[in-house]
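2 protein chains.
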Amino acid sequence: MSQQAFVAAKSALDPENFALANCIRALTIDAVEASKSGHPGAPMGMADATTVLFRKHLKFDASQPDWPDRDRFVLSNGHASMLLYSLLHLTGYADMTLEQIRNFRQWGAITAGHPEYGHAKGVETTTGPLGQGIATAVGMALAERRLAAEFGTDLVDHHTYVFVGDGCLQEGIGQEAISLAGHLGLSKLIVLYDDNSITIDGPTSVSFSEDIPARFAACGWHVQSCDGHDGRAVDACLTAARAENARPSLIALKTVIGFGSPNKAGSYAVHGAPLGATEAEATKATLGWPHGPFEIPQDLRAAWQAAGARGQADRAAWEARLAAQTPDRRAEFTRRINGTLPAAYDAAVQAARDALFAAPKKAATRKASQMALEALAPALPEMIGGSADLTGSNLTRVPAVDLQYTRDVPGRYIGYGVREFAMAAAMNGLCLHGGFLPYGGTFMVFSDYCRNAIRLSALMGLGTVYVMTHDSIGLGEDGPTHQPIEHLASLRAIPNLMVFRPADTVETLEAWDIAIRSRSTPSLLALSRQDVPQLRLAAGAENLTARGAYVIRQFGTGRDVTLIATGTEVALAVTAAEALQARGLAVAVVSMPSWELFEAQPESYRAEVLGNAPRIAVEAAGKFGWTRYVASEQDVIGMPGFGASAPAERLYQEFGITAEAIIARALTLTGK
Amino acid sequence: MSQQAFVAAKSALDPENFALANCIRALTIDAVEASKSGHPGAPMGMADATTVLFRKHLKFDASQPDWPDRDRFVLSNGHASMLLYSLLHLTGYADMTLEQIRNFRQWGAITAGHPEYGHAKGVETTTGPLGQGIATAVGMALAERRLAAEFGTDLVDHHTYVFVGDGCLQEGIGQEAISLAGHLGLSKLIVLYDDNSITIDGPTSVSFSEDIPARFAACGWHVQSCDGHDGRAVDACLTAARAENARPSLIALKTVIGFGSPNKAGSYAVHGAPLGATEAEATKATLGWPHGPFEIPQDLRAAWQAAGARGQADRAAWEARLAAQTPDRRAEFTRRINGTLPAAYDAAVQAARDALFAAPKKAATRKASQMALEALAPALPEMIGGSADLTGSNLTRVPAVDLQYTRDVPGRYIGYGVREFAMAAAMNGLCLHGGFLPYGGTFMVFSDYCRNAIRLSALMGLGTVYVMTHDSIGLGEDGPTHQPIEHLASLRAIPNLMVFRPADTVETLEAWDIAIRSRSTPSLLALSRQDVPQLRLAAGAENLTARGAYVIRQFGTGRDVTLIATGTEVALAVTAAEALQARGLAVAVVSMPSWELFEAQPESYRAEVLGNAPRIAVEAAGKFGWTRYVASEQDVIGMPGFGASAPAERLYQEFGITAEAIIARALTLTGK
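Here the protein sequences line up with chains Z and E, keeping their order. For the first sequence, UniProt numbering gives the first residue as 1, with consecutive numbering after it. For the second sequence, UniProt numbering gives the first residue as 1, with consecutive numbering after it.
The following block holds chain Z by itself, in its conformation from the complex (with noise of 0.2 Å):
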């Protein structure tokens, strides 16, 4: 069939739907053509769709885009952003003007090459690196189903649709999130699976062969297929969905990638570029779309903006329930959204503080971590825990954070399975719904199979926090697939995010505090799996691990030299410091728990705790960027390379991590 009769035969079966859609398609190619880039393939194949969900089941109000109990919608396969910015813009979202749709991919302008969260309304997380998206609207319907066990169904009672490509699928992320859905029977989970059957290198065929509803069905989903392009088809696929309310729901969409391009539909080749000023024209032509560059016809533009207004009376009397609530209800659940800490948090981090001054403790940093949750937790119902199958390594379950997050019972901990990179992302979607202070544990190493989504939590700007335990070769036997050595350096090396390795139990709990309050950057925990002593031991109210770094010891007066240690090596560094006192030497040793926060102090605070004398770094892991404070890696006392399976104290000694090296690089420098 020739791509005007296969346009033709589709456009009759919902003639009005088809209309709506092509404004979409219009704007996506006018836009690609205009940036001279971009994904027209993907939002001209899932126009029709999208248009269904947005006139008839998205609950939204465009006027009013943050409404905390609207549907989300998520975008995970990115690349399709025109699609979003189209519906955006049609439905009457004020910041999407048709300026930002003609400066799509442009400096400046919210219509990125890939959806950025903060960039225009309407746009519920960032989305592009593939799978990430369906595994953060996983965390979005967490979120939901958590929140309207805390304030009824009055309050919060949304879905989530999601739409996906086959990457998404294909990719390990989108399995890991899958599972968990079911598992949970997350069932106002709503996936749409845009099934074009044309992946980068060409037909899906050439890597791609599952039967995709049969694995959804394997993992617990209500299973759904239809033609992508009968907007009725699709219209009761949504309904059904909706309706479900034991599992989280699939509809595969058979769609054509490029739909109306005579030469291009249904090839790779309309994936990633424009279609040519020629072709362009051609597929308006196919579609009978005689408009001009980004022109909406006025009824068309009047049925868009009707279905953006659609759902304003749903927020009137949302808002009406939410003024009917009594006063202190309704603001926990504003302070709850709005994401302000309660009044009885700062008394219950002075408590715990006042705690570990009064009887100091010797522990390590995750059990020193668990503490600060004990503490914390009680104060703070929005923190939502987990861990990914290392509970009890972890130390992430505490009396207030226990009750297991069921099928049945939404509660505060989540068991994400051995699943690194959905827990992770889904952390992301816990925040970005609002009303959650999400935490997961895992080991350190692991971070790696996440680091995607710690990323995207920085470049987001969300207060994910992060609990890495098993920080070094201080783990002992597990061996070198489980000691991280270039960990802290290649999290170090992140944006906007805050690496926190605290010496003791003071330090952990600082870094909890500073976490806690830190809204908008994500913040990762490298704890100990093994006991250090507390080392700050004198009651003082600054929070010292919000300056970054510190003198933690002066041994004598003056500087010969100054040792910088982080987490369980500044013990090591204070035994260190002691014998090069007794050979008459005066040392400071300094205590560098984030290097991000120490960076960001005043220039006189940073000159005047890294001195002038000498300086030596200690640190169990890769010397790497290390340089910034010492003058060079031969300064560092750290990992040569990877570690071993060995008890921890042989580790210790066997890769030179000892006082006695300390000892003997400080009197090198000091020429004593």
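Think of the hints as simulated: they come from the structure by calculation, not from any bench. Small disclaimer: the values here were computed from a predicted structure and weren't measured. Glycine included, C-beta positions come from ideal geometry on N, C-alpha and C. One or more hints might be untrue.
Claimed, not checked - Facing chain E, from chain Z, some residues (calculated, C-beta under 7 Å):
1) H114
2) G128
3) G167
4) I173
5) S209
6) D211
7) C219
8) Y449
9) N452
10) D478
11) I494
12) P495
13) G622
14) S645
Unchecked claim - Okay, the calculated bits of chain E under chain Z, using three or more residues with CB under 8 Å as the criterion:
15) 32-41
16) 114-126
Unchecked claim - Capping the alpha-carbon separation at 20 Å, the derived lysine to any residue pairs in SDA-like fashion look like this:
17) K36(Z) - D531(E)
18) K367(Z) - A273(E)
19) K36(E) - E649(Z)
20) K367(Z) - G272(E)
21) K36(E) - A648(Z)
22) K36(Z) - Q530(E)
Dock chain E against the given chain Z, drawing on the hints supplied.
This is chain E only, laid out in the frame that chain Z set:
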């Protein structure tokens, strides 16, 4: 049923197999007790099935562990390492002495906490990071089929067996591997799933409720299930799996973790901790094992050693078949297995080099990479390429590596699909199998998705080659999700990984040459989307990239300032240097394509290249790490944070990575 009764019932199913399996259980219990750490549960549960596999199906000869046509055995759930060590010891691998078993998880022993490739013979790959074992095994199966097509089933005809636990199947990479193997119909891949219903956090039901056989079936697998403690049932399943010739096989084994432990069997308590002396004794009693610690009765040892010698005839027959080949064919097969380069290779490099100097080319370095591949791949039949669905962007496909690897024809080009992590792990498997030099491409930002497999390449010392294109903001409009910032630093931080960022066609060719020659170090090529001029124009025989860094341009006499740049920014540095010379400054421009190789140079060479003048680094990436070579990050012309969506030229301007910025900094530093 009591564990006593349960064990009695199971032991009656195949008494001989049960008795042999008890040797594994006993050694595991004793070794974990001795080391006071480890994972006894899985080996105890899987002992029966692995006993069947090693006694009746696995083609191996313990006296010749490296026999090329042996079956491969991968323990994907690597924490069950004592299972493997027990099997190697019992079947008579010479290096796996009882002393090694006694020293489980101790310094210097080959019995590391997780199986480490290169430590003990019979460990085909390092496992522990979950899910990667099965993906690596997919690479081995890919290798087997391709090598068989090249050299005939006389020389290459073996299976790859994989044991996986729940964790491997929860990890996303597991699904990527399953999907790819099913798509390509890798029928000689047989996966045994230890379905023990227990995960670290408790019963798998806390986080996992899939119908695993149905998921595999949806991905095109042959699926069977049986009682994992019934030796005869396992035997029958293995026989059927080996007979299947169109699909990979899954055998789901219903097992009890910690089988035999009266108080801990079937519980997560037995997953990752010693049984304890009392329970260990009770377990042995339950199993009917009256022998002392590390004691194996002679009759059982003899039966096991017979199993270890079972393949000797096969191996001898294979050697006879190898000997019967033509000398050329035998030599070529041996060369491939040994990983040495062919005689014609040097000439191919020289010809490619000559061509570049004869007709210099302006080209993106990704294009330069394609040119290098076009020139070198014809000389190297061992090269096997692919891309994670970005062939047209990575430019990884060339005439010699063009035939698609399909279900029917195992060509040299693998469409990995949008599965970066499985791609990287499969490349490890292709290396480990022997006979291949794999390379694979994706966008550099998605190195995040496969990072832990890159790490395993480095840890195992494998010569995989990662082709990472779109290496900076120079990719333009796709925006911050696609623009690497911290990636160069975070990859440079990985031990034993060579990261190359070549400046032009010549350096790209040189980097490829080094990567190809490096059979025990992985290489990662960071390549540009945008064009750069060829800067090296003077024909010289030396591969200067092998120096890591060198003075590529000298302006004036002496040095007022040194500009160190990499990749696309070398040309920018040259432009700035020209302008600085016009202002009377003597400037050396250093191209630094590889930090790792530069660090390996003699100190005198490094000092000469770096010079004593003030230094400025120029790289369109995060500044982290550059203080190794410059005084402070203020001397780095690089990215202050994440990128943005806009045309590349505009991004360079807006982020201040310009000749003007270099000039301004140079003038400040030199006071001119």
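Evaluated hints:
1. Annotation: H114(Z) was flagged as interfacial toward chain E, and the flag holds, the nearest CB pair being 5 Å apart, inside 7 Å.
2. For G128(Z), the shortest C-beta to C-beta distance to chain E is roughly 4 Å, which falls under 7 Å, so the interface hint holds.
3. At a threshold of 7 Å, the smallest CB-CB gap from G167(Z) to chain E is about 4 Å, leaving the interface hint in force.
4. Because the beta carbon of I173(Z) sits about 5 Å from the nearest beta carbon in chain E, less than 7 Å, this interface hint is met.
5. For the restraint placing S209(Z) at the interface with chain E, the shortest Cβ-Cβ distance is roughly 5 Å, inside the 7 Å limit, so the hint holds.
6. Interface restraint check: D211(Z) against chain E, minimum CB-CB distance 4 Å, threshold 7 Å, status holds.
7. Hint status for C219(Z): holds, given a least beta-carbon distance of 5 Å to chain E, under 7 Å.
8. Hint on Y449(Z) holds. Least Cβ distance to chain E is approximately 6 Å, under the 7 Å limit.
9. For N452(Z), the interface hint holds, since its Cβ comes within 7 Å of a Cβ in chain E; the closest pair sits about 4 Å apart.
10. The beta carbon of D478(Z) is positioned within 7 Å of a beta carbon in chain E (closest approach about 4 Å), and the interface hint is therefore held.
11. Interface hint at I494(Z): satisfied, since its Cβ lies 5 Å from the closest Cβ of chain E, which is below the 7 Å cut-off.
12. Against a cut-off of 7 Å between C-beta atoms, the interface hint on P495(Z) holds, since the closest Cβ of chain E lies about 4 Å away.
13. Below 7 Å, beta-carbon pairs count as interface contacts, and G622(Z) has one with chain E at about 6 Å; its hint therefore holds.
14. Because the beta carbon of S645(Z) sits about 4 Å from the nearest beta carbon in chain E, less than 7 Å, this interface hint is met.
15. Here the segment 32-41 of chain E counts 3 residues with a CB under 8 Å from a CB of chain Z, which clears the bar of 3, and the coverage holds.
16. Only when three residues or more bring their CB closer than 8 Å to a CB of chain Z does the claim for the segment 114-126 of chain E stand; here the count is 3, and the claim holds.
17. Straight-line distance between C-alpha atoms of K36(Z) and D531(E) comes to about 18 Å, which keeps the hinted pair within the 20 Å bound.
18. Under the criterion of a C-alpha separation no larger than 20 Å, the hint pairing K367(Z) with A273(E) is consistent with the structure, at around 19 Å.
19. Annotation: proposed proximity of K36(E) to E649(Z) holds, straight-line Cα distance about 14 Å (limit 20 Å).
20. A threshold of 20 Å between alpha carbons decides the hint, and for K367(Z) with G272(E) the separation of about 19 Å falls inside it, so the pair holds.
21. Distance check on the hinted pair: K36(E) and A648(Z) sit about 13 Å apart at the alpha-carbon level, within 20 Å; holds.
22. Restraint check for K36(Z) and Q530(E): satisfied, since their Cα atoms lie roughly 15 Å apart, inside the 20 Å limit.
Hint check: no violations occur; every hint is consistent with the structure.
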